[in-house]
Amino acid sequence: MSGDSVRRQIVGRGIPLPGNDIDTDRIIPARFLKSVTFEGLEQHVFADDRVQAADHPFNEDRYQGASILVVGLNFGCGSSREHAPEALRRWGIRGIVGGSFAEIFFGNATALGVPCLAVAPKDVEWLMGAVAHQPEREIVLDVEAERVRLGDRTIPARLPEAARKQLLTGTWNATAVLLEAGEEIARVAQGLPYLSGY
Amino acid sequence: MDETLLDKVWRAHTVKMLPSGQTQLFIGLHLIHEVTSPQAFQMLREAGLKVRLPERTFATIDHIVPTASQMRPFGDLLAEEMTVHLVRNCQEFDIRLFDLNSGMQGIVHVIGPELGLTQPGMTIACGDSHTSTHGALGALAFGIGTSQVRDVLATQCLAMAKPKLRQIRVEGRLARGVYAKDVILSIIQRLGVKGGVGYAYEYAGSAVEAMAMEERLTICNMSIEGGARAGYVNPDATTFDYLRGRPFAPQGEAFDRAVAWWRSMATAPGATFDDVVTLHGGSIQPVVTWGINPGQSVGVGDRIPNPAQAPETDRAAWTEALAFMDFKPGQPIAGTRIDVAFIGSCTNARLSDLRSAAQVARGRKVAKGVRALVVPGSQAVAAAAEAEGIHVIFQEAGFEWRKAGCSLCLGMNEDKLKGREICASSSNRNFKGRQGSPMGRTLLMSPAMVAAASIAGEVVDVRELLR
Chain E
1 MSGDSVRRQI
11 VGRGIPLPGN
21 DIDTDRIIPA
31 RFLKSVTFEG
41 LEQHVFADDR
51 VQAADHPFNE
61 DRYQGASILV
71 VGLNFGCGSS
81 REHAPEALRR
91 WGIRGIVGGS
101 FAEIFFGNAT
111 ALGVPCLAVA
121 PKDVEWLMGA
131 VAHQPEREIV
141 LDVEAERVRL
151 GDRTIPARLP
161 EAARKQLLTG
171 TWNATAVLLE
181 AGEEIARVAQ
191 GLPYLSGY
Chain G
1 MDETLLDKVW
11 RAHTVKMLPS
21 GQTQLFIGLH
31 LIHEVTSPQA
41 FQMLREAGLK
51 VRLPERTFAT
61 IDHIVPTASQ
71 MRPFGDLLAE
81 EMTVHLVRNC
91 QEFDIRLFDL
101 NSGMQGIVHV
111 IGPELGLTQP
121 GMTIACGDSH
131 TSTHGALGAL
141 AFGIGTSQVR
151 DVLATQCLAM
161 AKPKLRQIRV
171 EGRLARGVYA
181 KDVILSIIQR
191 LGVKGGVGYA
201 YEYAGSAVEA
211 MAMEERLTIC
221 NMSIEGGARA
231 GYVNPDATTF
241 DYLRGRPFAP
251 QGEAFDRAVA
261 WWRSMATAPG
271 ATFDDVVTLH
281 GGSIQPVVTW
291 GINPGQSVGV
301 GDRIPNPAQA
311 PETDRAAWTE
321 ALAFMDFKPG
331 QPIAGTRIDV
341 AFIGSCTNAR
351 LSDLRSAAQV
361 ARGRKVAKGV
371 RALVVPGSQA
381 VAAAAEAEGI
391 HVIFQEAGFE
401 WRKAGCSLCL
411 GMNEDKLKGR
421 EICASSSNRN
431 FKGRQGSPMG
441 RTLLMSPAMV
451 AAASIAGEVV
461 DVRELLR
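Note that the protein sequences, when read in sequence, are chains E and G.
Residue numbering for the first sequence follows the working numbering, beginning at 1 and increasing consecutively.
Residue numbering for the second sequence follows the working numbering, beginning at 1 and increasing consecutively.
Be careful, since some hints might not be right.
[Said to hold, decoys possible] In the EDC-like style, the derived pairs of lysine to aspartate or glutamate whose C-alpha atoms are separated by at most 16 Å in a straight line are:
| hint | chain 1 | residue 1 | chain 2 | residue 2 |
| --- | --- | --- | --- | --- |
| 1 | E | Lys34 | G | Glu312 |
| 2 | E | Lys122 | G | Glu312 |
| 3 | G | Lys368 | G | Glu396 |
Derived from the structure by calculation, the hints contain no laboratory data.
Same shape as in the complex, but just chain E (with noise of 0.2 Å):
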C-alpha cells in the first residue's frame, strides 16, 4: 500500500454542522446523482439546506477552506449513494467527527479513506462551540490513539476496529486486499447449493 494512503491523522480547521439524522438526500439532492462520474459534486454539498438558509455552515466565509466536519447523531442516514461523502471530499472535508454515522455513509466514507470518529454528545457539542468561536483553530483527528483535539483538550473518540485498522494500514480500498483470496472465493462459491442446480 503507498504511503499516501494511509490515515493515521488528520489535521486542518472545523465547519459545524449542527443537527441529528441528516440524511444523504440533504448531503446531494438525487437531482445532482445524475451524471455517470463524481465530478463537480462539490458544488452542490446541502445545496437545498443552503438555499433554505442563508447561515448554512457551508456558505458561510469563515469556514471556507475546513477539512473536519463536525456532526451529530446518525449523520448520513438514508440512501446508500456514495455521491455524499464523494461531494464532502471533493468540497475539502478530510474527516468527520460526530455523534454517530449511519452504517453505509460510514463504510462510504471509509471506503474513500474519509475517517469518522464517534465522540460523545456533550464532546459534540463542545465541538461546536468551541468551532463556531474560533473557526481558525486546527482540529486533530487521531485515528490512531482514537483521540479528538482541539486546543489543549482531548476527548477520548471512537472507530471500529476494523475501520481503524484499514485506515492505519492504507487498505480502505477493499477491492486489492478481497481479490488476495483468489482461488478461497471459488472453493466457497462451490460449496453454495444455488450456483450448482441445488
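Once you've looked at the hints, dock chain G against the given chain E.
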C-alpha cells in the same frame, strides 16, 4: 448450537477473516442499476480488472427512467446518457440487462423477487439502500455504496462486519385496513430511525408468518429506514409457494432439493438474539408520517405530537420537522389537505399493493385539484394489473396509469413535486426535498391510505371507505 439464519448464511458465505477483523463474505447475487454503477465500472477499467462472475450480476434501469413515455432517446439528455452507459457497461462486461424492451424491466427490488433471482439462504448486494427488501425471502441482503459495487464486480465479495441480530415479533392479527406498511412504520416509530444501526432485523411472530410474500417485502424494504442495513423473514411455505415456477427459480426435482436446503437455513427454534422486541399487531392502526424522517409518524386517528414531549435527542428534529411541514403540535393528522397522490416505489408497487388501492378507488373519483399517479413496480406488475383491469379502475377514478420505474419516490426523473406541494405517498422516505422539490412535503402511508386521501383530497382513515 441453535443458529439463526444470519449465522448460517454468514458461515456458508465466509471466504476468510481479513486482517481488519472483517469477514470476506461471498455475494451470491449482485444487482445493479444506472445510478450507482457507472463509476464502479470506470474504477474497474482504471484498475484493469474484469468482472469475476458476470453470470451472478443482473442489471436493470429504474431510477432515472421517465414513466409517461419510455421511448428512446429520452427527452432528458442526462437520463439518456446514463442509460447508454449502463447498456454499454453490461455489453462490455457480459452482464445480463433487463432493459426497457425486455418485458422484465422494473424497480430492482421488485424484479429480483419477481423473477425468482432472489432466493432463501443467499447473500445479496446492490448499490441501493433498499436492498434489504430481498430479505423477505430469507436472504441476507445489504445496500452498498459504489466502492463496494466495484468490490463485488471485481471479486464477488464484500468486506463486512457481522451485524448483531434483533428479532422483532409482531403478534396477533392486523385489523382490516391495516397493512404491512403500517406495521413497519409502527416499528420504526417505536425503535427510531437509528435504533437499528449495527443490527440486522429478523421479523417474526404470528402476524408476520401470516403475511403474504409481497407484504413481507414491504416490511423488509424499510429496515434501512430504521437504521438496520438488513432485515429478513425466515423462509417457509409462503416463500416456497411464491418462488415455485418463477423464471430463475429452480425447476422440477431441483426445486424440491432447493426447498430442503432453504428450510435448513431458517433460524432454529432454540436460537437466541441480541435483542427481542414484541409489537401487538391488533393495536396497530393506519399510520401517517407528519415529519421529515420515517420515524416521525402517528396513527391516522392521532394528533401531531408536541416537541416538548419528545425525547431530548429528538426535540430539535421534531421542531425542525414541524417548521418544514408547516404543521402545529396537537393538530390532527387527518384532514391534512394533499396536492399529489403517489402509489408506487420499491416499498409498495407490487400487484397486491395496486389491488388494495384499487379496492378503495373503485367507483370513486380523485378529488378536484389532486394530481394522482399509479406507477407499477415492474413491467410484469403492470401487465398483471392490466390483465385484471386494475388500470381501468384507476383511470376511471382519475389516476394516471404510468410505466414502471422509481418515479416520484426520489425526484431523479420527470415525476416531481412542485413548490410546497404535499404528497400522500406509498414510498419510503419523507426526507426534505426527497420527492424532487426542495420545499415539497411528503406524507408516507399505505397504498390504500394514499388512494383514500386522493379521493377525499385530504388524509382520511381508509377504514371509513372500506366499510
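task = Could you tell me which of the numbered hints above are not met by this structure, giving the numbers in increasing order?
result = 1
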